[in-house]
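**Student:** Work out the full structure: start from the sequences and follow the hints.
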Amino acid sequence: MAITSGGAGTKSAFQPRIVAFCCNWCSYAGADLAGTTRMSYPATVRIIRVPCSGRIHPRYVLRALERGADGVLIAGCHPGDCHYSTGNYYTRRRLLLAQRLLTHLGFDQGRLWIRWISGSEGAKFADTIRDMSASLQVLGPNRKGRDQRA
Amino acid sequence: MTTARDGSPRRRHTGNLSSDRLGALARAALAVAGPDAVLWAPRQAAQRWAWEPITSPDDLDPRTWRRMVNTRISPKGILLPQTQEVFSWQGRTPKIALDVPPPPQPAVILGLRPCDAVAFDRLDEALLVGEWPDVAYARARSRAVLVTFACESMSPECMCEAAGLSPTTPSGDLLVLPAGESLLLEALTAKGEAVLAELEGREPMPEAGSLVDARREELAGAAGHHAPGLAAGQDWTRLPPADPETVLAMFGMPGWEELARPCLSCGLCAFVCPTCHCFALTDEPRGDTGRRVRTWDSCGLTDFMRAAGGHDPRPAKAQRMRQRFLHKLVYHRAAHGSLMCTGCGRCAAGCPAGLHIATAAKMLLAAAEQVAQDALSGCAAPGRPQEDPQ
Amino acid sequence: MPDAGQPVGYPAEVLRDLQQLVRDCARSLLEQGEVGMVIGHRAAAPYGRGVPAFVTEPGEAGQLMVGPQCQVGIGKYLLDQTRATRGRVAVIGRGCDILAARRLIADNRVAPDQVLLLWVPCAGRAVPEAMAKGGAVARHCLQCDVRLPEPGQDGIEIIGAHLAGALASASLVGEGCLEATAPRIAPAGPGADNAGDAGYERWSGWFEHCLRCYACRATCPACNCDICVLESRSPQWVERSTALPQQFMFHFIRAMDVAGRCVNCGECERACPAGIPLMDLQQLVAADITELFGVERPHVPGEHEPLGIFDARDPDPERPARTSGGGALS
Amino acid sequence: MARIGVFVCWCGSNIAGTVDIEAVTRAAATFPGVVHVEDNRYTCSEPGQAGIRRAIEAHQLERVVVGACSPRLHEATFRSAVASAGLNPYLLQIANLREHCSWVHRDREEATAKAIDLVRMAVARAARLTALETSTVPVTKRAVVIGGGVAGIQAALDIARAGFPVTLVERSPSLGGHMGQLDKTFPTLDCSACILTPMMVEAAAHPLIDVRAYSEVDKVEGYVGNFRVTVRSKPRSVDRAKCTGCGACYEKCPVQVDSEYDLGLGKRRAIYVPFAQAVPNCATIDRDHCLYYQRGRCRICERVCEAGAIAFDQLEELAEIEAGAIVVATGYDEFDPAVYGEYGAGRWPDIITGLQFERLVSASGPTGGEIRRPSDGRKPEAVAFVACVGSRDEAKGKAYCSAACCMYVAKQAMLLREKMPDTSVYVYYMDVRAGGKGYEEFYRRAAGQYGVNYVRGRVARIYPSRGRLVVAGEDTLLGRRAVVEADLVVLAAAMIPSAGAAELARRLSVSYDEDGFLTEAHPKLRPAETNTRGVFLAGCCQGPKDIPATVAHAGAAAAKVIALLSRQHLATEAMTAQADPGRCSGCMSCRPVCPYGAITARDAGGLRSVADVNPAMCQGCGACVAACRNGAMTLLGYTDEQLLAEVESTWR
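Protein chains in written order, with my numbering: chain A, 1 to 150; chain B, 1 to 390; chain C, 1 to 330; chain D, 1 to 652.
Treat the hints with caution; some may be incorrect.
Non-contacting residues of chain D with respect to chain B, defined by C-beta distances greater than 10 Å in every case (computed) [stated by the list, open to error]: (1) D39; (2) E46; (3) P207; (4) P274; (5) L291; (6) E306; (7) P366; (8) Y400; (9) P421; (10) R445; (11) N453; (12) V470; (13) R506; (14) H569; (15) M588; (16) P592.
A few chain B residues that face chain C, going by a derived Cβ cut-off under 8 Å, partial list only [claimed, not checked]: (17) R261; (18) A280; (19) A349; (20) A353.
Please keep in mind that the hints were generated in silico from the structure rather than gathered at the bench. From the three backbone atoms N, C-alpha and C, an ideal C-beta is built for every residue, glycine too.
**Tutor:** Structure, rendered in structure tokens:
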């Protein structure tokens with residue numbers, strides 16, 4: 001059931017959809033590095049570039065799930081390395097809480113991933129997408145809070 | 001020989017049904033409403049009575065309804081849904097295709113209280129009378145069968161008598177007067193006739209005849225049948241016909257500001273009200289597809305009147321509240337001759353700030369009397385209204 | 001007071017004394033021109049429940065009442081009244097009213113020097129439906145930790161401190177009210193019975209009945225924006241239609257925006273015509289805030305909002321969270 | 001609906017090899033607003049860019065979407081291309097078809113499907129882009145350097161040498177700082193004063209440097225390029241213009257007090273020049289001890305001063321200085337070893353700190369360089385040094401290493417052995433950190449040819465006995481007690497931020513760590529900058545450093561300042577936050593999360609106040625937007641509408 005790297009080869013019945021919000025300075029650069037070093041990960045992710053993970057309000061997580069995502073990834077600089085010095089610390093608090101709130105509402109905790117990926121961690125970005133895709137395949141498509149017309 | 005509520009001439013038609021045969025009544029009504037009709041009835045869930053679609057009519061037990069004064073939320077949503085698709089679209093101009101949703105399934109609304117049944121008459125006046133009837137509502141309404149149950153008890157929230165109604169007001173298509181172990185039925189419209197006929201077709205049923213009037217007398221005289229709340233002793237039908245002078249006087253009353261002070265500008269009163277029918281039209285695009293929906297709105301909400309560009313003719317909550325109460329007690333009456341409030345009491349019970357329509361009514365009655373007296377004593381009319389409360 | 005149902009277990013004479021103190025205090029405040037208005041409660045039909053009273057004349061002070069029938073939270077009225085009134089505005093209220101006022105001050109919506117807060121001890125407040133039966137105390141009052149005034153807070157005076165003890169010992173639950181006071185939702189999270197699908201079904205069941213009447217927002221002291229994002233058309237986070245996804249978005253946004261700012265007054269739940277147990281959500285979140293960020297009593301407005309500060313040692317989603325329920329799936 | 005043009009890049013075979021370009025262009029043509037689609041082998045090439053320009057004109061494009069490599073590579077390129085066609089450069093959106101698609105996916109079908117999604121998202125976002133302008137702010141061509149130690153002097157000189165005026169503010173009566181108190185410096189053992197004094201003199205003499213000694217920074221307002229610094233000059237009671245520094249006054253002054261410069265080991269008069277090479281060489285009256293100020297009579301100095309420089313009625317001066325940049329060089333203080341009761345510092349006069357030892361061994365010191373016990377003036381026969389007093393000790397001191405102690409202890413031990421070969425020297429240490437050019441060799445020389453006894457282990461306690469000091473410790477290498485009878489004990493006390501540094505940091509809205517050291521903008525890449533644009537760090541205020549590191553740091557700060565001041569105007573970020581005054585309810589939840597202090601509350605009338613963002617200070621991170629509950633705060637270029645457009649078009 002696990003996705004083989006690159007999503008090529010064995011295509012499983014269900015390909016999860018991941019919306020990833022990546023901060024411009026670390027995680028987006030990390031994703032770029034994964035590309036420049038020709039790593040491969042499943043074609044399950046759509047990256048949205050933001051200046052800092054601190055820009056992302058938890059609303060975006062639910063909106064993404066509502067409009068068709070099976071999982072949401074929030075990726076930022078490692079705590080302490082934020083380009084804007086503190087943004088990701090607030091992100092960490094806000095999204096940890098959002099994750100709790102979502103579980104209280106009955107959403108699967110694994111729908112929201114929060115990861116710190118630096119500009120030099122192309123491999124970590126690829127691994128994250130691989131792991132996340134695999135675990136979302138186990139969880140299956142998200143039906144909760146999902147707009148059926150989306 | 002009398003005329004039915006819907007104007008159709010008829011011989012008085014009644015029936016006497018044992019209360020454990022309620023299921024039969026329900027099925028008869030369903031048969032009249034049509035093959036794919038849905039049965040709605042009050043059901044208790046999480047300590048509250050709510051209107052729910054019923055799949056097994058035989059489980060209904062009228063005795064349990066005796067514990068219910070009324071549902072927390074009015075039944076208006078059954079025929080006037082809070083969210084209603086007007087049409088959906090596909091594609092982009094110039095190649096765009098519109099699609100109108102199919103008509104709703106016919107509804108049988110069983111167990112209505114008179115205040116809520118009368119409320120549908122008010123909605124009819126507001127939405128069906130005139131040159132441009134509300135198509136969607138008309139479709140739902142014309143195919144619905146309303147079976148009203150007279151109230152055997154009242155709560156401190158009840159105000160129907162102040163609104164000129166009573167726990168036994170003939171309303172809906174069929175009025176049911178519970179009497180011990182039997183249900184006394186009285187057809188009030190052609191649909192009601194049809195239901196009784198249907199019922200008789202299935203099994204012989206005795207006429208209730210004079211029992212109906214006796215029971216009505218009985219219920220009317222019964223203790224606890226007089227609105228115990230703030231509205232006790234008020235009679236809103238005594239509000240004068242809305243001649244311009246009186247309306248101006250009421251409009252200009254300085255009391256609105258004070259009355260509205262506690263108001264929190266939520267929409268609860270309108271959303272629980274059985275007669276409020278304002279709505280908003282919004283589009284819900286999804287890429288190249290989408291739909292236009294109409295949803296309940298409330299004149300109490302801050303953005304109700306806000307126009308594109310930001311202008312708001314009623315920026316102050318006192319203005320919004322005045323609009324609401326005058327519409328309920330004066331404006332609609334001027335247009336259609338009836339009060340827009342049936343005294344169900346939901347707004348008063350539910351208002352998070354403890355606001356009460358009877359307080360406003362009291363104020364209006366006083367103002368009207370003042371005008372009348374001034375007229376008698378020949379002194380000058382109040383003239384121009386005061387500044388809008390801001 | 002008309003047809004007041006005095007809940008079982010309340011020491012009536014204590015309330016009477018307290019009420020006298022409140023009336024005297026309000027009267028003298030107005031007489032001496034200390035304040036331009038006193039916000040409190042007065043009795044009104046039905047049930048003789050306590051509704052907001054806005055007293056501006058010393059002579060009107062006699063209408064003020066205290067006790068479990070005072071259902072309506074009055075702290076939030078400072079938002080309007082401080083702007084509409086000449087002179088300071090006094091709030092004579094219970095712990096939750098005081099916290100509501102402090103919320104507005106902390107949120108920069110009301111200037112501290114515009115208000116005078118008078119804290120009256122409380123023995124919980126009644127549930128509307130249960131009033132007729134003799135009154136039941138609202139669920140969240142059972143967990144309330146501000147029933148008795150906390151001395152030594154600047155800008156806050158206490159009325160009837162000597163009566164607090166008597167009220168503290170008062171039984172909180174009235175006749176036939178147990179079902180009204182029983183918690184409806186147990187904490188969610190992995191393992192909990194309402195985690196995952198069960199929890200989702202449960203909340204769907206509640207949200208299906210949400211009328212989007214905004215009563216929860218209108219009564220919430222933490223929801224004090226002049227213009228609300230829930231009604232914003234651009235960006236439009238919530239559509240007007242009452243489809244389930246929209247309901248979840250509506251309540252998620254509200255819960256998230258008041259997270260760490262909720263004063264635990266229970267107004268949202270009291271006001272909800274659909275009876276949605278909104279306080280469950282808030283109390284779960286409050287517990288999380290304490291557990292995750294070590295913020296004690298997050299419902300008491302402090303110098304910083306829990307989400308407006310951070311600690312470099314906050315639990316990290318990449319490492320397994322401290323306890324079940326939180327942290328990222330790893 | 002804006003007219004959108006889509007340009008899909010093959011990037012040779014880099015994209016085209018995995019992505020079916022033809023399919024992407026076909027799909028793109030159907031997206032809302034798209035009126036033109038074309039593909040190029042290399043869109044970033046000159047012909048490719050020319051193609052964009054042509055299309056903008058030919059099809060009156062209002063938005064441009066480029067499907068190519070990462071925006072981190074060519075966003076600037078394409079923006080200028082768009083701009084050259086007369087379109088606002090911010091009306092461009094890039095879809096990352098290479099790094100995020102063709103290079104990471106092998107399956108052509110999947111990659112193509114994803115590429116189409118990425119272009120759709122870009123188109124949806126582009127439709128909601130708005131034209132943005134970068135505004136500019138003028139730059140005041142002056143720097144203020146706070147702190148007159150070696151870091152401040154170095155920074156001031158570098159900036160002045162580049163031709164920019166500098167105001168150098170020093171709290172004490174003279175420049176020099178701690179380096180001025182040192183005797184010799186490691187690893188070269190050259191005399192500290194000999195290398196510092198010329199710098200001090202040059203600074204004082206430099207036409208572009210305005211030295212304000214005996215002064216402090218009161219207030220800092222404004223922002224990068226436009227600071228207003230209020231400097232308060234304390235009254236010296238001596239006319240600096242007239243004073244020749246002849247010294248007659250302090251010869252005659254009857255009052256003696258402990259000398260700050262000699263750290264209590266020596267005395268000075270109530271009117272004094274802190275040390276011989278002081279700059280400015282101008283006397284100062286210590287009003288707290290001067291008889292005239294205390295008792296109302298004396299005025300001997302006034303009588304003996306031939307220059308007539310004494311000015312008892314001098315008042316403090318407040319000067320508001322306009323500056324474009326600020327350098328913080330407030331340096332360090334010595335950690336108070338009294339915290340370690342067991343070491344007896346402060347209780348026994350012969351237990352001194354490293355800095356005190358410098359004065360003791362210095363030829364300009366109270367003993368003229370003769371090493372004598374403070375208590376009885378005897379020559380010490382045995383001296384013990386204790387390293388890491390306060391450093392590397394989370395329990396009682398500081399967690400960090402003070403970086404310079406190991407080396408200066410070695411240096412001081414050497415100097416001792418040089419001056420008094422028959423004095424035995426012991427050094428108690430945890431480990432010797434000699435990372436630096438020539439440092440390790442230096443330490444080996446001390447331990448080797450200079451015969452300094454290094455004892456690895458912490459000292460348990462120090463107590464007097466029979467006129468000497470017993471240093472009881474443990475030799476962890478030999479695993480036995482190491483007890484030494486010494487006549488003098490030197491505690492290498494940790495470096496801590498100088499008093500008031502945190503207060504200053506708050507005034508500059510610069511953050512500082514739990515130890516009070518000011519925080520740099522980035523630990524690796526921006527060590528001399530802070531998160532407050534226009535404020536820079538030099539020397540130990542940022543963390544413990546030795547002299548070479550301090551000077552290097554100061555030079556780095558100076559370079560940044562020069563780069564800043566050499567600009568006529570500063571372009572502000574185009575993508576900054578903006579508060580909608582109509583929607584903002586003034587809760588100011590945005591203020592605390594802004595790392596740049598760019599948000600203030602503005603009175604909006606009617607008892608309302610609203611948030612206000614200073615675009616010159618905002619760096620566009622968007623933290624305030626996420627903190628704003630009702631959507632009053634917007635980040636231009638990353639608005640909710642734009643991001644939601646992407647989210648909602650992700651798979652459709």
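**Student:** Hint by hint, where does the structure go against what was stated? Just the numbers, ascending.
**Tutor:** none
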